[in-house]
Each structure stands twice: as C-alpha cells, then as structure tokens.
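Undergrad: Letter by letter, the chains look like this.
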Amino acid sequence: MTSITDAPPAVRRTAPFGLLGYVVLAAVVVYYAATHPFDGYITNILMQAATYSVAVMGLTVVLGLCGQINLAQAAFFGLGAYAVGLGTVDYGLNFWLCVGLGLVLVVAAGAFLGTSTLRLGGHYLAMVTISFQQIVTLVMVNWIPMTHGPDGVSRIPRPGLFTSAQGYLAFCVTVLAVVGYMVWRLPASPLGRAMRAVRDNELAASVAGIDVQRTKVTAFAICASLGGLGGALFAGGFAYVSPDQFSFAESIVFLTMVLLGGVASPIGAVVGTGLLILIPEWLRFLKSVPGLYLAIYGLAVILIVLFMPDGIWGWFSQWTRRFGRAAVAAVPADAAALELRGSVGHNNEVLRVEGLAKHFGGLKAVDGVSFTVKRGSVHALIGPNGSGKTTTLNVLSGIYTPTAGKMVLDGTDVSNLPPHRRTIAGLGRTFQNIRLFRSMTAVENVIIGAEHPGNPVGKAHHALDARARAALAFVGLGDRADEMVTSFSYGHQRLIEIARALAGNPTLLLLDEPAAGLNSTEKVELTGLLKRIAAKGLTILIIDHDMTLVSDVAEHITVLNFGRRIADGDPVSVLNHPDVVTAYLGSEPDAPH
Amino acid sequence: MQVTRRVFTSGLAIGLAAPAVLRGASAQGGTIKIGQVVPITGPAAEAGKYAMAGAKLALEKVNKAGGVLGKQLEIVTEDDQTTNPGAVLAFSKLATNADISAFIGSIRSTQMHAMAPDILKNAKPTMFGGTDPTLTKLGNPWLFRCRPNDGYSGRVIATFGLDELKLKKWGIVHSTDAFGTNGAKALAEALEKAGVKPAIIQGYSNQSQDFTPVVLALKQAGIDVLGSYFTFENDLGIFARQLRQLGVTAPWVGSPSIVNVTALKLAGPALYNTYGVADYAEDSSPEAKAYADAYRAVMKVDPDNQSSWCYDAVSLLATAINKAGKTDPQAVREAMLSIKGYKGAEGEYNFDQNGDGLHGYNIVQNKSGKIAFAKHIEFKD
Amino acid sequence: MDLVLQLLFTGIGIGSVYALVALGFVLIFRATNVVNFAQGEFSMVAAFLMVIFAVDLEWPYWLSFLLALAGMALYGVIFNLGVYYPLRHRTYLPVIISTIGASILVANTMLALYGPQPQVLSPVFETPGFNVGPVYLDSQYLLIIVVTMVLVAFQYWFFEHTLLGKKLQATSQDKEMASLLGIPVATMIMITFVYSAVLGGLAGILVAPILFVSIQMGGTIALKAFAATIIGGFGDVAGAIIGGLALGVIETFGAAYISVPYKDGFAFLVLVLFLVFRPQGLFGERVAEKA
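In order, the protein sequence lines correspond to chains E, Z and L.
Take 1 as the starting number for the first sequence in UniProt numbering and just add one per residue.
Take 1 as the starting number for the second sequence in UniProt numbering and just add one per residue.
Take 1 as the starting number for the third sequence in UniProt numbering and just add one per residue.
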C-alpha cells in the first residue's frame, strides 16, 4: 500500500443531493467573497489561500488518489504563473489565452515527466520531481531575456471582468469550488477508481485490466494542470511573479499542506492550505525571537503527522462518521444472473504454451515448458516447491517477460502484451497472497475487475454494478457487497478476488494456489465454487499444492519440476507416473506450507 | 495515548485562538506610527537585526528631541521571512493598520517589486533600501530610496578603477539574482561608455559552495582589476579565499557587501586591501561618525549600510512629517521632496522627482580588517 | 592540463563532502526505507556544536571534536525516538513529512538559539594549503578526501567483517527475517540513526571551515547528496560514494566549461537523463514484485 490513509471514506452515492448542497454552499461562499469588505491584508491571504488550494488539490489527486509523490508542484505552479505573467506583460496576449497556454505547457511537462519516470515510482519519482523543480527554478533565474531573471515580472494585469481585487478573489473562489467539486467526485468515476486501484495494489490493478502506467501519467498530468491553473490565478492576483516564489521550499510547503489537511478529500486540501498560510501569520506575535515561530511550525508538522495520520480533515471526518452512520442496505443480487464465457470458441484450445522459458540470470526458473489447455476444462499445474509453477503463472499473466517461448490465448498471440492487455484479451487471475484494493468495498473491488474494454458488460455504471453484485452473489457474498474488504475473513477475501476475476468475463481463469491458507471447511466451499464455475463452461488453469483439491476438480494435470515439464495427462495416469512420484517423494508433504 | 491525543488537539485549538485575543490589545492612539517590513527569519535575518537597530536609534533620537508633531514616534515591525510573498503579507498586514503614517520597506529589490502594487494602493510614503534602479522608475509616487541606486554604484566602481587605479582589463563577477545582475549590467555599461570592454563577466548563483571554476576563468582572462556584486557574505568569503589561494592578486573593487561586518569576519585577510563602494562610510562625514558612535555603543559592533539607511529613513520621515505639519500622505510626500541638503549617516539627501535621495557613493578600503574612507564620488545627473 | 587538474581536485573535494552525507542517507534508507529530509541538519547541528565548544568556550580542538561527535550520537538517538520510531509501522510518506518537519524545527531552533549570523570555524591545519606543481591543494579539502577514503574502508570492514555489521546488514535486508533470527531490530535501527548522525556530523565539521557555519549550510549539501545517492543507485553504499564523487566532478567541470550559474542544474540534469533513458544502468534489471 502506498497510500498514507489507512481507510479513506467510502464514496457515498448521494450525487444529486450532494451536488445541490455543494452548489448552494459554494454560491454562498463566492457571494461572501465578492461582497464582504475585506481589508488588503485579508484579501491577500484569501487570494493566496484560494490559488494555493487549487494547486494543492492537484496533490490530492496524485498523492491521495493515485499514491504517487510529486515534489515539483511549485514548479508547475510557477510555469502557470509565468505563462500568464510573460504572456500578458511581454506579448500583450489575452489573459484567458495565457491561462490556456500555461495549462498546455504544464500538462505537457507533467506528462513528459510522468511518462518517462512514473514506472520507477517511490523515491525515484521523488528525486526526478526534485530535479525538475531545481531545473525550472534555475531557468527562471538565468534565462533572463525570456523570463526577466530574478527581477521577475511585475504589473501583471487581471482579466477585464475582474479587475478589482475583490472581484478577482470571488473569481478564484469560484474556480476553486469547481475544481473542488471535480476532485470530490473523481474517486467514484472509472478513472478515479483506476487511480485508487493503482494506489492500493499496482499488480492487482494491472491484472484487473487497468493500464497502470497510463493511469499514473493521467493523475500526474491532472496534478500538474491544477498546479498550473493555481499559478495562473496567483499571477493575476498578486500582479508580480519572481523565481523565488516557486522554489523547492514551496513545493515542500504544498506537500505539507495536503498531508496536513488530509489527502483523502479536497476539503483536506483547503483546510491544510488555509492553516499553513494562517499559522505563520498567527504566530507572528512570537517574532521577537528569530526562528521561534518557524520552529513551532516544524514541531506542529511532526505532531500532526504523529497524532493525526489522516490529516486534520481525515481526523475530523472520522469523528463525525462515528455518529450517524446508517447501514447501507445491500441491493439483492441474483447469483444465477452471472453469465460467464462458456465453451463456445474458434477452436478447442483456450491456451497454447510453446517452449516457455524464464531465466533469472543463471537460474532457469522455467525452462522450455509446453502444454495446452482445452476449452471448458479444469487444468491443473502442479509441482514441488521451486518447480517453477508461480513463475509460469507470472509469465502467463504478463508480470514477467518470458526469456523465450510463445503463448496463444484463444487464438491471439499474447506473448508480448503487458498484463492489462492480456486481461482485455480474456485472461483473469487471482494471487497466492491475496491482492485486493484494501481501501475499497467488496463491490468496488469487483467493479474494477469488470471495468475494462472488451468486457461485453459495457461501461454504464449500473451495468457494472449489477455485474459486480452478481459475481459476489455467485461466490456467496452477495449480502456483504458494500462492506470494506478489510472486514472480511481471509477465506472470504479470496472469494472476493475470484469474483473480481469472474466479473471481468475472462476466457481463461488462472488461480494461483487458491486453497493456500484456507481451513478445511473453506476448502470444501472452494471446491464447490470451482465446480460451479466449471459447470458454467469457463476454462480454469489452477496451481495448487493441495492434491485433494486438484484431484477433485482437475480433468487434466501438467507436472513441473526444476522448471521442466515431467508429466502431462489425465489425473490418474499423471499421479502414478514414476517421475512424478520421484519428484514428490522425500520432498515436502503436499500440504500447504 | 488517548489522553495525549485529546490534550494535543485541544491545545491546538487554544493555540489557534490565542493570537486573535492578543492582537486586540495593542491598538492604542497617542503615537505616530511607522511600519517597518524587515526580515526576522530566513537567510537575511542577520541583516534584519541591524536594520531594526538602526531604525530604533533614530527613533530614540527623534523622541528625545520632542517627537513628531508633539507626539512620540513608534515603530511597528513585521517579519518578511526573507521571501517575496512574506514581504507582501507583512506589508499588507501593516497597511491594514490605519494609524501607520509611513513605512520602511526592504533593502532587497525583489521584495520591493513584490510589494510595489500594494504600496501604490496603500498610498503612503514608503522608504526603502533596495538599489535596483528601475524601482524608482515604476511611476509609483510613494517610493523613496534612502540609498544610492546601482546605476551609481556601477558608475562609481568604473570611475574609481579607471581614473584612480588606472586599470583597464576588467573582470566582473556577480550573483545572478536581481541585485547582482543589474549591478553588473550598470558597471559594464559605465565601462563601455568610457570605451573599455570588460575582459570577462561571470555570474554565479547564490549559495554556491565552490568558486574554483569562476576564479580559474578570471585567471585565464588575465584581468588586472576586478569588480564584483555579491549578495551573500558567505559566498563572498568563499570566493575571496579561493581567489587569493589560486593566485589572483589583481586589485578588487566590490559592491557594498564587501565591506560589511559579516564579510570582514568571514573572509578575514583574504579581503585585505580590497576596495568597496559603500553608501555608508564612517569617516565620510561628521554625521556618519556620530551615527557610528551611537550604534557601537548599543550593538557593540561596527555599523554598516544594513542599518544606516533605516536610521536615515526614520529621521527623514520625522523631518518630513514635522515639516508638513500633519500626517496626510500627500503633504508628507511633498515635504519629503522639498527636503534639500539633509545630512544623514549615508550622505546628503536631495530627493529627485523619482524618489532617489542619494546620488553618489563612497569608496572605502579594507586596511588589514579596518575600513578606511578613501574617496567620495558624487554625480550631478 | 593544469586547469583540468585543479578542477579535478576541487571536484573530488566537494564530491567527498557529498559522498559523506550521501553515505548517511543511504544507511538510513537501507535500514528504514525512508528518505531522511533532515539529513542536512545533522551536518549543521554538528558544525554549531563545534562553534560552541571550540570557539565560544575555547576548548581544545580535538576535545571539541570528540564532544561534538558524541553530541551527534545523542542527537541520532533523540531523532530516531522522536521522528522515526513512532511512525515505523506506517508507509514512507508520513515519515518523509515528519523528517521535513524535523528539518524546519531544528534549523529554526538553532536560529532562535544562536542567531542568524554565519560563524567562522578555523581549519584543522595551520597551513591553508600548498602548491604541487601548478595545482593548489587546499589542506582542508585534502583532509576531507582522506577521511572519506578511510571511512569507506572502515565501512567495508565493519559491514563485512564484524558481527554487529552483519546484523545491521541483515536488518536492512529483511526486518522480519532478522527479528526471527533474534536480532533486536529496533536497536539495530537505533544504531543506524546514531551512525548516520555521526557521519553527517563529521561531514559538517569538516566542511565548516570552508563553507562557514550557518543555518542553511546543511540544506544545499543534503540536496546534492540526495542526488548522489540516486546517481549511485539508491540503497547502495559504494554507489553513494561513487555518486557523490561523480557529482562533485561533473558539477565543477560543468561550471568551468559550460555555465557557472547553471552549476546546480547539471547534477539534476544528469540525474533526470539517467533515470529517463537508462534506469537499468543504475540498478540492473528491475525485479518485479513477487506475485
């Protein structure tokens, strides 16, 4: 898990009422901003808070939703601000045109950074964004003919409609309200769900059919564009921009703002921004000792991280949720309604594997394995520990690239496709160590499984929801669809994972040691479930240690040892094959470890 | 744990409410107030301390002499955190206090640029020390500069080097911030006007840890005189030491930072025998000498330009308000413009229509760590 | 050629400073998987301790030096307990933020206590430097280079040939496994913080006579050191040293032959180019998460 929130609030389906309430509230705030007579100091603070908040909401998206770090938000903010400053002052362009140009600029920069480095993630991303930040600052300072260097750009005009400080402030607040609404609604949209899935578990997201890379780049570009938008507004608000306003230190301030307020909600962004602008102002009375108030500020940051892990807003909303939380009645779903792809197809082979090999340096984990999975069958892949089963499965689902060999899924050569494309091509899988999206409900997990191109269910939310609930009902958890996945037992989490794979309407279901960690009752239930899936005609490729399960359900068994196939055929003949007996004798017992 | 958390959060709530209570207590009439925007935190905090001390000395002097319009003078300070947004907030915070009649701005030019729109809106006289020449050409009638601008420092360095030292092969080293870039530009222009093209102009960014490449470039260019614009004393200290270590012995005429107290302490012998332009030089006039004695008595260190302009700014404001007979901003402005030949610690003030009060510089020399007055160069245009 | 040698010496000198700080970064990163944004303050605090002991109290240099390092060890303990330990079960982000908070807290506490004026710390040797042929060797930089080399050797010996070193390595590789083997993981992490604080402190004390002692002295160095750790391959001790030295040299030559004002940009540009075009060049084939 890369998110810092342990459990962001589930998104409530209250859009129409929520929208109305939001619009009314926003209108009141905008009206207040437009009409209340503020003095210059308050106007400046509010202007700063409003424009910064827009940029901080970008971090809500990239960090809160998608779990990626960005330490260059001040650079994006600065690019937006300079686009407006230089465009209006030096080139005499229209304000709105400059805002547009600024957005194009930052989205391009953000997408470039994202495309080139997001696959590295974590600390590398942190470093690349710091580098970008430093380079932007240096260019602003040193490319004097273009940027005016350290003098900055002064006398930046405001757009015609909003020349007064008050009018412009009201405009900024309006923009903030619109951006806030979009960020608030984003988690419930397909894109937002994909981001959350990527944040919770990249690997599971990719095999659920999500293009992880594109999702991250999109999140990063959204973050950059909100940074640029905030900066563009800032330039108009303060009429002066200079490089030191967009330094690395400011990027840190942006990051602290979003974490302080809480990454889970745009309200957190506003709260965090407001506080970090106001706290140093309030603490001005401590100024007689130089450094004292910034020291207190630093201490406050540590204390908040220690005592309010979800930020101030996260802490507050947890409190409010403790009261008045109504149980959501689950929509009854019909297990029988789940349609699975049956035994109709071009030919009898769902999967053909030819000469598959995967070497890690000198280690030949899989070494020239071939087998064929017949349509409508339950096919088992077994072998002692270290025989290469899981590696084979990871190569099959595209997590590893094969050293050699070919895989044909239902007539399509998938050998070189990334995981999400294989899912689109008809592959579904589960993991040995369960990989669910832990911040979401069961049904949201399964919706993500259903939500990929190529699924005949379509894109409509109600259809996806119905399919997800049907899949959950099919595995026997229909009545608990709206609970958080973390509240389920281990065995039930496994069932949710299977439901997630089924919802995607696969042609071939890959199960990686589904019985691992289950007790005997759960194993019986699992066996029943697999038989019901098989009865619907879906082809299954299962890997397991559990011989009882395997011999109960499998019609065909392939045995691996030391990365090579040593037997292949029907269960009775394979399990009596002398090589198989030798491979298992003296090795560990067949029970799961 | 639970208790700690509750205690912490309620403590936070009290902490957030307290300043609002405190703020109410200080609004009192009976004095004439001057607002001062000054760095109390951040990289320039040291300079801020000096600036406040200078302003306070003038305050005491004015109040001892009977105050302004029969009332005591008072200075209200706000921290600009050494950043531009900090300066804007600090100024706009002071500006909301209608009791404040006039302001002292920043010695940093970018901060003055950032505050300029608010100063114009606020429409009250604002004295400042930033030396970027463009500041007084913004068409902002409320800006009054209490130091000579960089246009003069560049000309003074050039004049001194060409006429007194008789050297022609110039190297220029400058910080790439606003101050350094504009200063170097002015110096290069002054040299070119005299028909001398600098052999090398080399910029560096602030807080560099090493100047070897810069020094080697100067050495290769074979310069016989060096002009410099350094913003931060630690950069100056590192550069000075490496310059001498790597064997560049050319005479050196630097911008004011070369003779300030911190630079002398950091660089030590590496700066011996260098020249500096100084808007403030202790031996340049009796007024400067008197200020130095007063400052030393309080601060126990030698005064420099970080404080002297604030001292003059407060004195000038007191003079102008007394002359105007009221605190009406327009009247004070006119009174300020009519001040002629006022002898301050920095020099003789004659405000022109742009708001520039001083039109010349002193040249001083570092003689084994002691600053000696060498020459005053004044321009009429 | 003289020019090149002179630049090379300077580059290696500066690079050694980056390397020392980078080493501290890497040790903490390997042990805890977080980037310590308050690493630069280790150097700053130690330099101020030196000023207090050696300049203000006028104690002998060597005694001040030992006391300052002892102070840093204590500081490492406090830092671990206050900033890292309570957050050890959370993800890396809250820890990053808490180290940022610590950085602001420490720098400004120092400002409140000691004022903003840069301080002077005299170099270890009386002779500031000497010429070898056409190249001027600054004795303080020479000292830094030597200390860095000695520390690299010590580090190698310590991690490969002592029990404590091996325990530390085991902890940084797999905490769960280490604790199953009976290694006190919390103590090991504590030792890592102490060692890292002492290393950072050492770098600060060594570089103070050159860069002066100021509140912001740690920040710039730490950022470069951070870049050095990435160039060298994150989490790799030898890489941090090589990365630091490479960075110092690239920067110095870049400044001399391309542009002085953009000097700080070269490090980051090289870094971005590396990460964008040759990430595998840094850390080999990327091994996927085990499914």
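I should point out that these hints are in silico values taken from the structure, not numbers from a laboratory.
Among these hints, one or two may not hold up.
Simulated pairs of lysine to aspartate or glutamate, EDC-like, Cα-Cα distance not exceeding 16 Å [unchecked claim]:
1) Z:Lys121 to E:Asp39
2) E:Lys536 to E:Glu339
3) Z:Lys169 to Z:Glu189
4) Z:Lys219 to L:Asp174
5) E:Lys531 to E:Asp552
6) Z:Lys168 to Z:Glu189
Undergrad: Taking the numbered hints from earlier one at a time, note which ones the structure violates and give those numbers from smallest to largest.
TA: 4
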